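Visitor: This is what each chain is made of:
Protein chains: 2
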Amino acid sequence: MVSQPDVPEPAHAELDSMLSRKFGREVANYFSGSPLNRVSFLRTNHEFITKALTHPSTSFLLFNNLAPLVKDPANLAYAKHEDLRELIGENPFEKSEEELIKEYNSSVTLPLVLFLGLDERKKEGFEHGIYKGQPFFAVDVTPKGTVEKQASAVVESMKGKGLEFMEGRMHMSLNAPEAAVYAQARALLDWNARNPFCGGCGQPTLSINAGMKRTCPPTDYASLPNAQGATTTEATPRPRADCATRKGISNLCFPRTDPTVIMAVVSHDAKRVLLGRSKRFPPHWYSTLAGFCEPAESVEEAVRREVWEESGVHLGRVVIHSTQPWPYPANLMIGAIGQALPDGEKIHLEHDPELEDAKWVGVDEIKEALRVGTSGLGEDAGPEYKEGGLRLPPQTAIANQLLRAVVGGFLESGEVSKI
Amino acid sequence: MVSQPDVPEPAHAELDSMLSRKFGREVANYFSGSPLNRVSFLRTNHEFITKALTHPSTSFLLFNNLAPLVKDPANLAYAKHEDLRELIGENPFEKSEEELIKEYNSSVTLPLVLFLGLDERKKEGFEHGIYKGQPFFAVDVTPKGTVEKQASAVVESMKGKGLEFMEGRMHMSLNAPEAAVYAQARALLDWNARNPFCGGCGQPTLSINAGMKRTCPPTDYASLPNAQGATTTEATPRPRADCATRKGISNLCFPRTDPTVIMAVVSHDAKRVLLGRSKRFPPHWYSTLAGFCEPAESVEEAVRREVWEESGVHLGRVVIHSTQPWPYPANLMIGAIGQALPDGEKIHLEHDPELEDAKWVGVDEIKEALRVGTSGLGEDAGPEYKEGGLRLPPQTAIANQLLRAVVGGFLESGEVSKI
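Chains as they are written, first to last, in the working numbering: chain A, 1399 to 1817; chain B, 1399 to 1817.
Hints are supplied without guarantee of correctness; some may be wrong.
Intra- or inter-copy, both count: the list cannot distinguish identical chains.
[As the list claims (entries may be wrong)] Simulated crosslink set (DSS-like; lysine-lysine; CA at most 27 Å straight-line):
#, residue 1, residue 2
1, K1420, K1669
2, K1765, K1420
3, K1744, K1520
4, K1542, K1611
5, K1611, K1645
6, K1645, K1493
7, K1521, K1542
8, K1765, K1611
9, K1469, K1547
10, K1520, K1784
11, K1520, K1469
12, K1469, K1645
13, K1530, K1500
14, K1469, K1420
15, K1784, K1557
16, K1669, K1469
17, K1542, K1645
18, K1500, K1449
19, K1744, K1521
20, K1765, K1645
21, K1677, K1645
22, K1744, K1530
23, K1420, K1757
24, K1559, K1530
25, K1420, K1744
26, K1784, K1744
For the record, the hints were derived by calculation from the structure and aren't laboratory data.
This structure is a prediction, so every number in the text was calculated from the model and none was measured.
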C-alpha cells in the first residue's frame, strides 16, 4: 500500500489578515496548490512559447492514453526537448496560429503540446521580459494516427530508462505540488481528446493556444469531410460548412469544467452530520453527499436540491467552504456546509434512489473515523481501525476536509476551520 | 427606463441557525431563487412527464431565437398545451427514449420541449405520487427546419394576443422569481441549440431526458451523414460511426456550465476596494474583477490568478461569498472576497491587458456610488447621481452584492454580510 500523500500547504494563509482572523486558514485541497504560474496571457505569444519550448531548463510531462510518466507512485518523471524531437518536430509553434488554421489538414495527426506554466521557484535560467521560471509543458505521446511510430518510439525510450506510465483510474499517490501539475495537464489532455469534433457543426477541430483552445477551421486540405480514415490531401483546401463558433467568441472552443457540489450537512442542533453511501462503496464506508450543478442554479440551490433529492433532508443556510479541482475528467468540486431545517431532518431515500443508505452520525463517531478509518476507495483502513467501525474518504478528498471542518470546532463554537 | 427589479428574497435565511448566526443571512442573487422544484429524477419517468405535459394547469414558456414570450418587461407570458399542439404534437413524450433513439432520423426537426419543474406553491391540481405542483415547460418555437410553418403559426398567434418575444441580449427587468425560471429555460435552450452535433464523433445528436441530455444514436434513418440539407429517408436505418460517448457516461451528453470567478478585493488595511473598468463600459463606470476558472484550478486559485493577471495585485486569503447563475450563455458566477498581501497592492495592467483601468477606491466613495450611481450597463444612473461620480453595476449583479458585503460591515468589523 502506498502511504497517503500530504494535502497541499494552505496557500497565502495570511493569519494576520482580517479575512483569516474571521474565517481561519484557507484550506487548500489536493490537486490545487500548483507551483506553476500559468501566465495564461502568454499562450498565444509566438516568441514566448517558442523560447519556452526550446529552453534547456524546460520539462515535459508525458502522457500515454492519459497515464502520466512517473519515477514512482509519488513522483512524476519528465522528458527533455531532445527526447521528443522526432515526435513533435523542432518547434510545433514555429508557424503562427493564422498559418496553422490556413494550412489545416484533418488527415494529419498533430500531437498535443500543452503549455502548463512557469515554476517561479526556479528563477535562474529562462526569462521573457519580467516573467521568469522553469517552463513546463505536457505532451500527448499516445501512439495513434500518422505519428503512431514516432510516439511508440518515445514510449519505449522512456520505459528503457526504467520509467513507467502509471495506469489506473485515479492518481492520488503523487506528492501535492506535482498532483496539481498532473491535474492541470490531465484535464486539458482529456478535454482535447474527448472533443476532436465541433459540437456546433460536426467538423473536426484544430488545437491552438498551446492546448487551451480548439478552433473550427474554415477550410481543410484533407479530401474527406471526416478525419476518420481520411489519408489523401488536396492541392487546394476544401471550404468547409459554416459554423456558429467562428462568429464572435464561443464557449465550445474552450475547455469545459463541470461545477459540482459536495456538502457536509449538519443537523439543526449541530450535533450530528449527514452521511450517505452508494452501492459501490466498501462495507462501512460513508461520505458526504455530492452532485452536479444544473444550468442556471446557484451553488447554494444545487446543495439544497441534491441533499433533498438524495436524502429527503431539507436544508436552510448553506455556506461555501473551499473548492477542489477534480480532473476525472473535468470537475470543480465546490465544498459547502449546510444546516438542516428544524423540521427537515427526516431521511427519505426514494426521491432519486442514488444512495444505498444515508444516516445521521454523531460528532464523536466522525472524529474517531477521521482518526482511524480513512483510506482511498480501494485501500485498507489504517492499523488502528476496528472492523465494523465507520470508514471515511482520505485527506486528499474534499469530503474529508469538510468533515474535519464541521467536527473541528464548528459544531461546538460555530468556527469553520480545519482541525 | 424600466424600474430596477428586486433581488430575490434570501432563501432559507434561518436567522436562528448556527450557520446564519456566524455568517449572516444568505445572499440570494438575481437569476437564482427559482420557485420551481426541478424534480430532476422524474425527467426520464415516462408516465410522469406525459401527465405533466398534458395537465390543464401546465404552463409553457415560449422562446423564439432565445427571446422569451412576455406580457411586459417585468412579466413572462405562458402558453397552454392547445396553443402548441400543431407544433409539438399531442405528446412528444409518447414514445420511450429507447424507441426515439431507435427511430432517430436526423433530417426531421423535433422542437425542443423542456421540462422545468413543479411550482410547489400551487399544490392544487397536478399530482404524481407525493409530488404536487403546477408543471412548467419551455418550448423552442423558433421557425426552422421541418417545423418552420407550424412554429411560425405559434409565433404569430402569440403576437396576435398582444404578447411579444422580448429581444435584446440580456433580460434583467423580469421580476425575481420569473427571472430564475427564464434563466433555467434560456440556459438549456441555448445549450441544445449550440450543440446539435457530437463533439466526440461529429455526428448529429438527439435531445432526450426532457431537454437535459443529448445522446448520439447508433443509427440514423436519414440518408446523409450530416443533417444539413438532408431530407430523404431510408427504409432501414443506417449504422453510424462508433462514438466514445456511447460507452459509459460522458459529460459531453449533459449541459455545460462554465464556472467563473468574480471578486471584491480589499486592501491589506481593509480601507479600500479594488475596482476595474473595461473599454466597453460607459464613462465613470467600474466593477469588480472577474474571469473564467481554468481546468484543474480551485476557485481560490482562479481568484488570485485573475486578479494578478488583470491588475498585478497579489492576494492572500480568499473567501467565497455567494454565487449567481448567469445564463449568457452558461456561466456560474462564484462570488468571492479577497484581501491583498501587504506588499502586493501595486497595480500593473500590462500582464493581460484586458482592463482599461484599475484603481483602489475608498469605502465612502463606494457607499455613495451604491446609493446613487448604480444602473444596468445601457441605462442611466439614478436622479441623485452627479456627473463624474463613480458608477457601479445594479443590485441584480453579484458585483454589486459583493461590494455591499465588503463595505457593509466587513471592512470595519470583519462581518461579511449584506448591508
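Visitor: Would you mind marking each hint as holding or not holding in the structure?
Guide: Hints, one by one, checked against the model:
1. K1420 <-> K1669: Both: 23 Å inside a chain and 16 Å across chains, each within 27 Å.
2. K1765 <-> K1420: both (24 Å within a copy, 23 Å between copies)
3. K1744 <-> K1520: between (55 Å within a copy, 23 Å between copies)
4. K1542 <-> K1611: So K1542 and K1611 pass the 27 Å test inside one copy only (21 Å; across, 30 Å).
5. K1611 <-> K1645: both (15 Å within a copy, 25 Å between copies)
6. K1645 <-> K1493: Cα proximity of K1645 and K1493: one copy only (23 Å, versus 37 Å across).
7. K1521 <-> K1542: For K1521 and K1542, neither the intra-copy (37 Å) nor the inter-copy (58 Å) Cα distance is at most 27 Å.
8. K1765 <-> K1611: Neither, since 45 Å and 40 Å both go past 27 Å.
9. K1469 <-> K1547: within (24 Å within a copy, 64 Å between copies)
10. K1520 <-> K1784: Answer is neither; intra-copy 46 Å and inter-copy 51 Å both fail.
11. K1520 <-> K1469: Classified as within: same-chain Cα gap 21 Å, cross-chain 62 Å, threshold 27 Å.
12. K1469 <-> K1645: neither (45 Å within a copy, 32 Å between copies)
13. K1530 <-> K1500: neither (33 Å within a copy, 57 Å between copies)
14. K1469 <-> K1420: For K1469 and K1420, neither the intra-copy (42 Å) nor the inter-copy (47 Å) Cα distance is at most 27 Å.
15. K1784 <-> K1557: Classified as neither: same-chain Cα gap 41 Å, cross-chain 71 Å, threshold 27 Å.
16. K1669 <-> K1469: Intra 46 Å, inter 50 Å, cutoff 27 Å: neither.
17. K1542 <-> K1645: between (32 Å within a copy, 20 Å between copies)
18. K1500 <-> K1449: within (24 Å within a copy, 53 Å between copies)
19. K1744 <-> K1521: Result: close only across copies, 21 Å inter versus 57 Å intra.
20. K1765 <-> K1645: neither (55 Å within a copy, 40 Å between copies)
21. K1677 <-> K1645: between (46 Å within a copy, 21 Å between copies)
22. K1744 <-> K1530: The answer is between: 19 Å across copies meets 27 Å, while 57 Å in one copy does not.
23. K1420 <-> K1757: Close across copies (26 Å), not inside one copy (31 Å); limit 27 Å.
24. K1559 <-> K1530: So K1559 and K1530 fail the 27 Å test inside a copy (30 Å) and across (65 Å) alike.
25. K1420 <-> K1744: Only across copies: K1420 and K1744 sit 25 Å apart there, 33 Å inside one copy, limit 27 Å.
26. K1784 <-> K1744: Result: close neither inside a copy nor across copies, 29 Å intra and 55 Å inter.
Going through the hint list in order, the structure does not satisfy hints 7, 8, 10, 12, 13, 14, 15, 16, 20, 24 and 26.
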